[in-house]
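Since the structure of chain A is provided, determine the placement of chain B on it from the hints.
Top line first, the protein sequences correspond to chains A and B.
Going by our numbering, the first residue of the first sequence is number 1, and it counts up by one from there.
Going by our numbering, the first residue of the second sequence is number 257, and it counts up by one from there.
Hints are computed from structural coordinates only; laboratory data are not their basis.
Since this is a predicted model, take the numbers as computed values, not measurements.
Check each hint, because a few of them may be wrong.
[Unchecked claim] Heads up, incomplete: computed chain B residues facing chain A, CB under 8 Å, no partners named: (1) P329; (2) W345; (3) R402.
Heads up, the beta-carbon is just placed ideally off N, CA and C, and yes, glycines get one too.
The chain contents come next:
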Amino acid sequence: MKRTKYKKIISPLVVVIACEIIGRSGLVDPFFFPAPSAMLKSLWSMMASGEIFPHIGISVLRAVTGYIIAAVAGLFIGVLVAWSRMCEMIFDPLIELIRPISTFALVPIMFVWFGIGNGSKTAIIVKACFFPIVLNTIAGIKGVDGRLVQAARSLGAGGLQLWTMVLIPSALPMIITGMRISTAMSMLAIVGVEMLAADSGIGFLVIDAQRTFATDRMFAGIIVISLMGVGLDRVARVVQRKVLSWHEESSMAGVG
Amino acid sequence: MPFIEAENVRKVFAARKKITALESLSINIARNEFVSIIGPSGCGKSTFLLLLAGLEQYSGGRIHIDGKPVEGPDPKRAIVFQEYLLFPWRTVRKNIEFGPQVRKVPGEERKRISERYIRLVGLEGFENRYPHELSGGMKQRVAIARALANEPTVLLMDEPFGALDALTREMLQLELLRIWQEAKCTVVFVTHSISEAVYLSDRVVVMSNRPGRILADMAIDLPRPRNRDMMAGSDFFSYEQRLRELVWPQISSADANGNGNEENEV
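One chain only, chain A, in its complex shape (with noise of 0.2 Å):
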């Protein structure tokens, strides 16, 4: 196990390096390409100055506010169309018609309806983030085996029992991916939003020191974003092994 970890730094490191022989043999102006070494200097300073900070601290605090809603919408309606068919006849088509929009071109109307403050921002975010949880939800729970409730009625289980102790926890790994789909969904879409309008906020440095042009600072956001994406992602993956212990390790592969 270790070794492969190991064996999985081999090749960012391999692209940084011939980057870095690029950069500096002098074949591209580093103005469009940075050696690596003036980027993380750039984001050294950016840390050391502490400037970097907020940016990355509204970030996160807009992506985990957005999902932190889509997640709680998302399976309250998931729940709600897999409970009764009037709320599947309601909720279905709206989520069949919604859902292909792609998440930027409502960008305009959530700055008319709320405006260009974090309140824009945190609705695209629910928009980005609310689809892969409500679907997986509404899948999982239907993918449940009849017999498995079939075993549990004959258990004496009814009712709300069978949900809480059937159906959610049966749902629960399908439910799951969908979260941590929409962990990395949530990131995509903060970044795109603040860099179409914003005066704050990570995917705004980016744009920012692009408009200026300070392709290092450019890039070293880059760097952040990518770093920001690979951490979320990590704490999804340690939730979601706490949260699906029991499952089978065959089956965690597809959802890895």
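Using the frame of chain A, we list chain B on its own:
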């Protein structure tokens, strides 16, 4: 008065086309009796078991258990399926405690119950394993313990050993007899295996092709406790032979009708 009383039971499934699974099926079973049902695939044996469990509703006739009509599932009537159907997110102990937990039995009492049945089915040391960590035979032990944890008066078993290898099967048959003697309940046991039916039961009932009804009802007068050596005896052999003669025409006519492959044992 018989403990389980089924009279002219009819079951029609109305999916795309109407299928009559059971027609005028009548049977009486005494308290603490061990009765096996054999019959061709798709004859409705499993359907009958689901009716007894109250998991499916019968379309006609009547089923009374302990003097009361069957109107829905009841924890006093437990069912064990061929596919085990354990809850994969619950450990062995928590699976067994499912019934008591549903009945809101307090934690300590629940633990006493699970301890008892873990011992009864011989799963000591595996209490905290998850189902996917267990072999088929162990899973079925858990399923039996889970069913017994509600202290049922009726234990319904739907080909419980059908998915197990021959040796595990033999072992669990013996254990089931021991458990049945200890737990004191009425067992209705569906199986494909004639020798398994003879070996375990007080009575073996043969069902016809769909629509299923009772063709024959044979008392098995072999002494208890049973053991594997009896299987070599001439009595055992003649029971098997007579049952086989009853079942075979059903299977071949099912094949001739072309519905033997449908495997529609809902």
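_Hint status (Cβ of B:R402 to nearest Cβ of chain A, threshold 8 Å)_ = Holds. Min distance 7 Å.
Quiz item: Quick one, is the B:W345 hint okay against chain A at 8 Å, beta carbons?
Solution: Nearest chain A Cβ about 5 Å off; hint holds.
- prompt: Would the stated hint for B:P329 survive a check requiring a Cβ distance to chain A of less than 8 Å?
  reply: 5 Å, holds
Of the hints listed earlier, there is not a single one the structure fails to meet.
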